[in-house]
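Engineer: Residues per chain are reported as follows:
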Amino acid sequence: MDTLVTALPALQEAFALILQPAQIMYLVLGVLLGLSVGVFPGLGGIAGLSLVLPFMFGMDPVSGLALMVGLVAVVPTSDTFASVLMGIPGSSASQATVLDGFPMARKGEAARALAAAFASSLFGGLFGATVLTGLILVARPLVLAFGTPEMLAITLLGLSMVAILAGTLPLKGVAAACLGLLVGTIGEAGAGGSLRMATYDIPYLTDGIKLVIVGLGIFAVPEIISLLRQDQSIARGSQLGAGWAQGVRDWFENRWLSVRCAVIGVVVGVIPGLGGSVVDWIAYGHTVQTAKDKSGFGKGDVRGVVGPESSNNAKEGGGLVPTLIFGIPGSGSMAIFIGGLGLLGFNAGPQMIQNDLDVTYTVVWSLALANVVGAGLCIALSGPISRLTTIRFTLLAPFLFMMISFAAFQSRQSLGDLVTLFAIGLLGIFLRRFDWSRPAFLIGFVLSSQAENFSNNAHQIATFKFRKGMDVGLEYVASPIVIGIVVLTIISVVLGLRHSKQMPTEGPVVSGKKRAPVIFLLLMLAYTVTAWINAALIDLTSDKIFPLTVGTVGIIALVLLLIRMMRAPEDDPIFADRETAGDDGDAAHGLWATLSWFGALLVLSSLLGFILALMLFLITFFRIRAGLSWARSALLTAAGIAGMCFVASTLNRDFPPGLLQEFIDMPWPFK
Amino acid sequence: MNTKNTALAASVALACSLTGSAALSLDLTGKTVDFVIPFSETGGSARWANFYAPLLSEALPGNPTVVVKYMPGAGSTKGANWFQSQDYSDSEGTLIFGSSGSTQFPYLLDDPRVKYEYGDWNVVLASGTGGVAFLPPDLAGKMNGLDATGLQDTDFIWGSQGATRLDLVPLLGWEMLGMSVEPVFGIKGRGDGRLMFERGEANIDYQTSAAYLKSVVPLVEAGHAVPLMTWGALDADGNIVRDPTFPDIPTFKEICEATPSCETSGDAWEAWKAFFIAGFPVQKMVFLPQGADQDAIDTYTAAFNEVTARADFKELSENTLGVYPQMTGDTAQSMLKLGTEVPAEAKDFVKKWLLDTYGVSLK
Chain Y
98 MDTLVTALPA
108 LQEAFALILQ
118 PAQIMYLVLG
128 VLLGLSVGVF
138 PGLGGIAGLS
148 LVLPFMFGMD
158 PVSGLALMVG
168 LVAVVPTSDT
178 FASVLMGIPG
188 SSASQATVLD
198 GFPMARKGEA
208 ARALAAAFAS
218 SLFGGLFGAT
228 VLTGLILVAR
238 PLVLAFGTPE
248 MLAITLLGLS
258 MVAILAGTLP
268 LKGVAAACLG
278 LLVGTIGEAG
288 AGGSLRMATY
298 DIPYLTDGIK
308 LVIVGLGIFA
318 VPEIISLLRQ
328 DQSIARGSQL
338 GAGWAQGVRD
348 WFENRWLSVR
358 CAVIGVVVGV
368 IPGLGGSVVD
378 WIAYGHTVQT
388 AKDKSGFGKG
398 DVRGVVGPES
408 SNNAKEGGGL
418 VPTLIFGIPG
428 SGSMAIFIGG
438 LGLLGFNAGP
448 QMIQNDLDVT
458 YTVVWSLALA
468 NVVGAGLCIA
478 LSGPISRLTT
488 IRFTLLAPFL
498 FMMISFAAFQ
508 SRQSLGDLVT
518 LFAIGLLGIF
528 LRRFDWSRPA
538 FLIGFVLSSQ
548 AENFSNNAHQ
558 IATFKFRKGM
568 DVGLEYVASP
578 IVIGIVVLTI
588 ISVVLGLRHS
598 KQMPTEGPVV
608 SGKKRAPVIF
618 LLLMLAYTVT
628 AWINAALIDL
638 TSDKIFPLTV
648 GTVGIIALVL
658 LLIRMMRAPE
668 DDPIFADRET
678 AGDDGDAAHG
688 LWATLSWFGA
698 LLVLSSLLGF
708 ILALMLFLIT
718 FFRIRAGLSW
728 ARSALLTAAG
738 IAGMCFVAST
748 LNRDFPPGLL
758 QEFIDMPWPF
768 K
Chain R
32 MNTKNTALAA
42 SVALACSLTG
52 SAALSLDLTG
62 KTVDFVIPFS
72 ETGGSARWAN
82 FYAPLLSEAL
92 PGNPTVVVKY
102 MPGAGSTKGA
112 NWFQSQDYSD
122 SEGTLIFGSS
132 GSTQFPYLLD
142 DPRVKYEYGD
152 WNVVLASGTG
162 GVAFLPPDLA
172 GKMNGLDATG
182 LQDTDFIWGS
192 QGATRLDLVP
202 LLGWEMLGMS
212 VEPVFGIKGR
222 GDGRLMFERG
232 EANIDYQTSA
242 AYLKSVVPLV
252 EAGHAVPLMT
262 WGALDADGNI
272 VRDPTFPDIP
282 TFKEICEATP
292 SCETSGDAWE
302 AWKAFFIAGF
312 PVQKMVFLPQ
322 GADQDAIDTY
332 TAAFNEVTAR
342 ADFKELSENT
352 LGVYPQMTGD
362 TAQSMLKLGT
372 EVPAEAKDFV
382 KKWLLDTYGV
392 SLK
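Listed in order, the protein sequences are those of chains Y and R. Take the first sequence: its letters are residues 98 to 768, numbered as in this note's numbering. Take the second sequence: its letters are residues 32 to 394, numbered as in this note's numbering.
Worth double-checking, as some hints may not be accurate.
List of simulated lysine-lysine pairs, DSSO-like, C-alpha gap at most 30 Å [claimed, not checked]: (1) Y:K768 <-> R:K62; (2) Y:K768 <-> R:K146; (3) R:K173 <-> Y:K307; (4) R:K62 <-> Y:K307; (5) R:K62 <-> Y:K565.
Covered stretches of chain Y, going by a simulated chain R footprint (3 or more residues, C-beta under 8 Å) [what the hints assert, rightly or not]: (6) 115–126; (7) 443–449; (8) 554–564.
Quick caveat, the hints were computed from the structure, so don't treat them as lab data. From the three backbone atoms N, C-alpha and C, an ideal C-beta is built for every residue, glycine too.
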């Protein structure tokens, strides 16, 4: 009752503050900025917030808040465009959306997928804000109840989603996930700082590989290359089918799924330290597990869009809890948000809830309002924008290469970013070709450092507690929350394995000759063994135990697969190879010829710097590969370069320099 | 509680503006100044730089736009190595670099990635900070006045970011007091460490001043935490004195003096002091690239003086920076020396201690 007495007036005050024309204007401005930044894959909330941060100082607090919140709120909404239309995960929050969203776009149902996604986002956002309003006053004990063992348990729950996404052969899914986990350990170990599969001679590797690059490499590069080879439009020349109204109806028909996934989003968002990257996978896994007819998933089932999208916007609301109550950012963009609050004169933390409850509620409900405005705009845009899928893909591809290279470069601003993107892209192409689950790889990668740190920490603290007494230790590791989540994890693995066989994650793949699949498996085995040996040579137990364990599991899985390969006949599903038949097998252009275009862009960048390389690349591509006239080639090239420069200069970013720039000083954007 | 600081800042500002007020010719009208920090958008350095950027823009001649540029990587050594490759003539006053304790520690510990040399750069601002260690109330009761001997038979567990980071200072300090503190390495930030303390997973913690004021003081008021000690502050002669932000909390030095097993002389003490200075009172600095002329240095010094002399500076900085001294001119120069020049014995002691205690070596 007490809480209600304090909450109601503050809530009223908050609404009075938000519903001023000036504040709404700033909110809409923030939403528009967030939308424009969010559609660029790999940029997202951090880039957007950094953009407005310089103006925060001296701004009227409520306007500043409205601007920032508007921006943060719509990023998980707008990143859906790239995920659905191009198969490019716009941010870590919409990776799972790609799985069903993009196949829908390929069926000509882009508008429907987008609208369903936005309706779900809108609902998730509103749901998050509503829950948050009540929760924020009493959330403190809830958040404190989630210690390291609980977070480890949730991380395992996330990993258990591999089971349902493993594809036809569960062992292949396990191996792919292990490879993802291993790639996630590259660089300095979190605990003791030992180097794994890296050396100080290549400083790039010591920081490990960033999620943006892995997301782009694993999903975007293979899709772009594959589409480019077929020389069609994304929607395969077919007419655009069901429109946005159908999408909204789809959401309504699955409203209970949406509610459940929004709850998942809020709960996971509330826990600091987990980050948002796991939310959409848990939601997607839940969606598949609870669906009666699972046959359509991975081929364009609208429920696969509704689930993750309902959860990722709800997560933003949940993520505000640790941010505001403890002053601990739940994500990168929240960290900048706290910084922005500081510039406005507010301190995120326990005092803010007590002293500035009205401001707190302003944040919460600005978030809700921004969701409404953002999702509304996006639904309105989804019809026209989905026409992009009818454009001949050869004309889109060079711009996509440009965008993903630029996005990848933002992660470390080093040429190494582009090299890594290419390498991971190549891996993605082969995982896709031989039907190894790419989601399983990505889940492994995303959860790698969390799984390692949480298990190290939980082990260390638990040992410490057990030394004090058996009961103290047990109380710590076997709390009701931990037991509950572990049970859920087991159920999810069992259910997942039972159903995954009927559910090829990315559509059926025909089996072909033995040679290529065996070579790829041997390469994976070679890397896994190398990583295992590399880990075994590390002195610190804390830094070696995780890669050793994961490596061992991976090696066992791969060897078992190898044995099966030696025994099985050529038509066994283990020899799945997309080059045999289907879209890729019948494609007009070869894989290597197409890939070398992308490779050429990267090599040219390392020589001439990005912008000069891009000019050469665009104009040759349009002229030779797309067969356009010189005039049209030049026109499109100029448009691309101008767009790129505009984005970079607005966000105050540089381009990758090449060898040439070492010798000659050039003005921006060439430097 | 921070009038002393303001007075100090004001007097330093005055002194510097008197010496450096000769005709300045650097004019940045219409230019953009890049304030490069070797960290990502999300850290404390980003907050510090974003706080100064708009103020600096107002104070520099010609009111250039000051934008913060992030160049994270390799524990901040990537950005610092890049800055080392810059010459003043490349940018003519449109480039400044913000370094932090995380940039200084690898430099002091001879990290193989370090290719930069602080002595080449030109410091125009040095920002300090402090830190406070705290305990749960039941354990704090084991202190006998300032004597920490009573804590020696307790097992402590602590969430730490890593032994080679800023956390080196408290770890070494606690060990000198004879306390057995087991660090849980690999947490992402000091905020996560505090959360572990609040959840009862850890039973000791420290926070930098701003974070302590913001998030731990409410815990202390609610009876969930008791401050143990501050790391202290430096006076003008380089002596460790009480932290002006927390005049009522004893310093590590005082506790060490009162605890029989701890000594304020010898290798361990010298090493602790050297790394404490690099990590706290001289934590963040702003530099012009090598080769900068006196005119540019004076211009930036004057600008920072103008910023810190603003009537509303105290109020503005309290939220973002905490109540730390902001030093320019000769004071910053001597702070740079204190923070980046460490006796070889102290370095060797710390390197050996890291290897023996935590198996960590930087090779």
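Engineer: Next step is simple, just say for each hint if it's right about the structure.
Structural biologist: Consistency of the hints with the structure:
| no. | hint | in the structure |
| --- | --- | --- |
| 1 | Y:K768 <-> R:K62 | holds (17 Å) |
| 2 | Y:K768 <-> R:K146 | holds (23 Å) |
| 3 | R:K173 <-> Y:K307 | violated (46 Å) |
| 4 | R:K62 <-> Y:K307 | violated (33 Å) |
| 5 | R:K62 <-> Y:K565 | violated (63 Å) |
| 6 | 115–126 | violated (count 0) |
| 7 | 443–449 | holds (count 5) |
| 8 | 554–564 | holds (count 5) |
In this structure, the earlier hints numbered 3, 4, 5, 6 are contradicted, and the remaining ones agree with it.
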